[in-house]
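*Asks:* Next come the chains, spelled out residue by residue.
2 protein chains.
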Amino acid sequence: MRSPERVVAALRARRELWEPSPGLVGLRGDAAVLRDRIACEIASLTRSLADEVWHVPPGLPLGTLARADYFLSFPQWLTAASHLGGATADLETVARAADPASSARGALVASDVALAPAVCYHVYAELAGQKLSRPVRVSAECTCWRHEAPRFSALIRDWSFTMREAVCVGTPQEADAFQRAGAAAVRTLAERLGLSTATVHAEDPFFLPTGRGRALLQRLKALKHELVIEPPGAPPIAIASFNHHERFFGDAFGISIADGTAASSACVAFGIERWLLAFLVAHGPSARDWPEVREATDPTDTHDVSEVMAGSAAIATRAERS
Amino acid sequence: MRSPERVVAALRARRELWEPSPGLVGLRGDAAVLRDRIACEIASLTRSLADEVWHVPPGLPLGTLARADYFLSFPQWLTAASHLGGATADLETVARAADPASSARGALVASDVALAPAVCYHVYAELAGQKLSRPVRVSAECTCWRHEAPRFSALIRDWSFTMREAVCVGTPQEADAFQRAGAAAVRTLAERLGLSTATVHAEDPFFLPTGRGRALLQRLKALKHELVIEPPGAPPIAIASFNHHERFFGDAFGISIADGTAASSACVAFGIERWLLAFLVAHGPSARDWPEVREATDPTDTHDVSEVMAGSAAIATRAERS
Numbered sequence: 001m002r003s004p005e006r007v008v009a010a011l012r013a014r015r016e017l018w019e020p021s022p023g024l025v026g027l028r029g030d031a032a033v034l035r036d037r038i039a040c041e042i043a044s045l046t047r048s049l050a051d052e053v054w055h056v057p058p059g060l061p062l063g064t065l066a067r068a069d070y071f072l073s074f075p076q077w078l079t080a081a082s083h084l085g086g087a088t089a090d091l092e093t094v095a096r097a098a099d100p101a102s103s104a105r106g107a108l109v110a111s112d113v114a115l116a117p118a119v120c121y122h123v124y125a126e127l128a129g130q131k132l133s134r135p136v137r138v139s140a141e142c143t144c145w146r147h148e149a150p151r152f153s154a155l156i157r158d159w160s161f162t163m164r165e166a167v168c169v170g171t172p173q174e175a176d177a178f179q180r181a182g183a184a185a186v187r188t189l190a191e192r193l194g195l196s197t198a199t200v201h202a203e204d205p206f207f208l209p210t211g212r213g214r215a216l217l218q219r220l221k222a223l224k225h226e227l228v229i230e231p232p233g234a235p236p237i238a239i240a241s242f243n244h245h246e247r248f249f250g251d252a253f254g255i256s257i258a259d260g261t262a263a264s265s266a267c268v269a270f271g272i273e274r275w276l277l278a279f280l281v282a283h284g285p286s287a288r289d290w291p292e293v294r295e296a297t298d299p300t301d302t303h304d305v306s307e308v309m310a311g312s313a314a315i316a317t318r319a320e321r322s
Numbered sequence: 001m002r003s004p005e006r007v008v009a010a011l012r013a014r015r016e017l018w019e020p021s022p023g024l025v026g027l028r029g030d031a032a033v034l035r036d037r038i039a040c041e042i043a044s045l046t047r048s049l050a051d052e053v054w055h056v057p058p059g060l061p062l063g064t065l066a067r068a069d070y071f072l073s074f075p076q077w078l079t080a081a082s083h084l085g086g087a088t089a090d091l092e093t094v095a096r097a098a099d100p101a102s103s104a105r106g107a108l109v110a111s112d113v114a115l116a117p118a119v120c121y122h123v124y125a126e127l128a129g130q131k132l133s134r135p136v137r138v139s140a141e142c143t144c145w146r147h148e149a150p151r152f153s154a155l156i157r158d159w160s161f162t163m164r165e166a167v168c169v170g171t172p173q174e175a176d177a178f179q180r181a182g183a184a185a186v187r188t189l190a191e192r193l194g195l196s197t198a199t200v201h202a203e204d205p206f207f208l209p210t211g212r213g214r215a216l217l218q219r220l221k222a223l224k225h226e227l228v229i230e231p232p233g234a235p236p237i238a239i240a241s242f243n244h245h246e247r248f249f250g251d252a253f254g255i256s257i258a259d260g261t262a263a264s265s266a267c268v269a270f271g272i273e274r275w276l277l278a279f280l281v282a283h284g285p286s287a288r289d290w291p292e293v294r295e296a297t298d299p300t301d302t303h304d305v306s307e308v309m310a311g312s313a314a315i316a317t318r319a320e321r322s
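Chains A and B are the protein sequences, given in the same order. Heads up, the final residue of the first sequence is numbered 322 in our numbering, and it's a clean run with no missing numbers. Heads up, the final residue of the second sequence is numbered 322 in our numbering, and it's a clean run with no missing numbers.
Keep in mind that a hint or two might mislead.
[To be verified] Far from chain A, by Cβ distances over 12 Å, these chain B residues were calculated:
id	residue
1	R6
2	K131
3	G213
4	A222
5	S286
[Stated by the list, open to error] Distance condition first, Cα-Cα at most 25 Å in a straight line; then the derived DMTMM-like pairs of lysine to aspartate or glutamate:
id	chain 1	residue 1	chain 2	residue 2
6	A	K131	B	D259
7	A	K131	B	E19
8	A	K131	A	E92
9	B	K131	A	D251
10	A	K221	A	D69
11	B	K131	A	E16
[What the hints assert, rightly or not] Computed list of chain B residues with no C-beta within reach of chain A, every gap over 10 Å:
id	residue
12	A9
13	R14
14	L49
15	P205
16	A215
17	V228
18	A234
19	P236
20	A252
It is worth saying that the hints were derived from the structure and are not from the lab. If you're wondering where the values come from, they're calculated on a predicted model, not measured in any experiment. In this text, a Cβ means the ideal position worked out from N, Cα and C, and glycines have one as well.
Same shape as in the complex, but just chain A (with noise of 0.2 Å):
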């Protein structure tokens, strides 16, 4: 394994990574097409643990956050959508400023919409007061935000990112199965992509000292795990969690099931530049190392075997043209 921090020293010196503002990244060339691959990877992998696709949109309203405790447990990463008024005149004095950017910056006007910090929100919100007969498994991709700044790290920690999450709500033994199916299916998709892997215990960093009476539960419990990578001279970076939040949703959101008791819930997240950073250190940063991903041996997985090779197409145009 290289160390993360050279692997993204390589990839920068190429120009295939940048950094238009701290946190947010931006990757073109062999590291784009493989992080393309992964992503058809990972969402074949949500897709065959979920009944359903959702498309959620990158923002939600505060009042959802807060329905489900975000503030106090991670109230430090909340990113806001925010914008101009609309008066005319004010926006006038932007535009005809010296300093637009700097003017602008002063001028805005915060909204009611949190930029997404995770996909499953969305889920728990769009369930709430509504009695399931059946489970409801859902797979959804969603650009993030956590503002975890000044501890950015390109494709480790950064401001904004892509996760992709399965979803299931539903009985407990629902929510069990759909735990221990997920975890195997992502130690299965590890392997395939020769990733040295580890799964952990862990806990939400809870922010309020009240939380962490809850990290303890988690951890007594076993209620979150995380696939890590452990990278020699860094700490272990997690690229997927496994996470059983009980009745917490169900009840914070009013979703029930057939016997009228609060719906449990369970969720497979992964952070896919993690992803992407996982295969780079174990494969090195230069795309002549990279293994070829094996083909799924799920038939209706064709398509993304497709994508790989369109990938690898991609690569051998690039490489002819330069």
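On the provided structure of chain A, position chain B as indicated by the hints.
*Replies:* This is chain B only, laid out in the frame that chain A set:
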């Protein structure tokens, strides 16, 4: 053609479309599967016009927009990322507030980061200061934000939407040829999807009166075209635009070509959700009425065909289960 309002109302009634907040749209069910099919077709098209795929982040510096004269042109749409300050006492105040959503909203701090209003600014910014020995042709997709409240209209004018662009930076001739090839490819795709469209001369809605001169020039010099649908009882809706910027961005970002002059640029831009709407307006909101999408003839497009097949399989699975 159906009216956009009736199509959106039908999706809403089936709970396949919902708005967590004004201007933010979620999709599930057949509509979500169809959105994926269409997004794949458009991705394939932009890749066929480009030499490379980029992944651009969803935010960029306000200063980059200023460099592109964005605040002279479209300040009314600006959306930016804000966050809470890092001081523990302030975070505790939010966490312990009786109404943490309001408390958080009141404590938000503006940042220097705009949420991208379009994909192509990223391309000019990354190429800034470079001398190009050959054209750069990029395919990229990005979550974009334009604050068009109170005119939000689901799938037509959302605060947040998905834009895919093919962008060319090079000589005037290369930009010309790119814009022409893009327009032809887009019309072919629209026909293949059974959409009834028209190509019209267009201009950007520049904010300042001084921008009106630029708008007039856009029309006189035919620099901007749009592919529109013209549904009954509704204004035309642009689903793609073909833009020739001449040397505007080359000048603004110091990008030059071999002869030392400023680079020209052109882009072809797609609003994915508007293509979904156009398909539904043409074929109706019920999946049973949707035509099969013909196979792409380009053999490198096979992955899209399989995506479509996977999409159909997903619909079948859903129907069986329900």
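*Asks:* If I take the minimum Cβ distance from A215/B to any residue of chain A, is it greater than 10 Å?
*Replies:* Per Cβ check, A215/B is outside 10 Å of chain A; nearest 15 Å; holds.
*Asks:* Please confirm whether A252/B is truly not at the interface, meaning its C-beta sits more than 10 Å away from all C-beta atoms of chain A.
*Replies:* Holds: least Cβ distance 13 Å, greater than 10 Å.
*Asks:* Does K131/A pair with E19/B here, judged by a C-alpha cut-off of 25 Å?
*Replies:* Holds - the C-alpha atoms of E19/B and K131/A are around 20 Å apart, at most 25 Å.
*Asks:* The output says A9/B does not contact chain A. Does that hold with a beta carbon cutoff of 10 Å?
*Replies:* holds (18 Å)
*Asks:* Could you let me know if the closest chain A CB is still more than 10 Å away from the CB of L49/B?
*Replies:* holds (13 Å)
*Asks:* Holds or violated: K131/A and E92/A, Cα atoms, limit 25 Å.
*Replies:* Given pair K131/A, E92/A is violated - Cα atoms ~51 Å apart, limit 25 Å.
*Asks:* Since P205/B was said not to touch the interface, does its Cβ keep a gap of more than 10 Å from each Cβ of chain A?
*Replies:* At about 13 Å from chain A, P205/B clears the 10 Å cut-off, so the statement holds.
*Asks:* Report holds if the minimum CB distance from A234/B to chain A is greater than 10 Å, and violated otherwise.
*Replies:* holds (23 Å)
*Asks:* Run the distance test for K131/B versus E16/A: straight-line Cα separation, threshold 25 Å.
*Replies:* The hint holds at about 18 Å.
*Asks:* For S286/B, is the shortest CB-to-CB distance to chain A above 12 Å, so the non-interface label stands?
*Replies:* Its Cβ never comes within 12 Å of chain A, the nearest being 17 Å, so this holds.
*Asks:* Is it correct that the beta-carbon of A222/B has no partner in chain A closer than or equal to 12 Å?
*Replies:* Non-interface label on A222/B holds, nearest chain A Cβ at 26 Å vs cutoff 12 Å.
*Asks:* Closest CB-CB distance from P236/B to chain A, is it above 10 Å?
*Replies:* Nearest chain A Cβ is 24 Å from P236/B, so the label holds.
Hints 6, 8 and 9, counting from the list given before, are not met by this structure.
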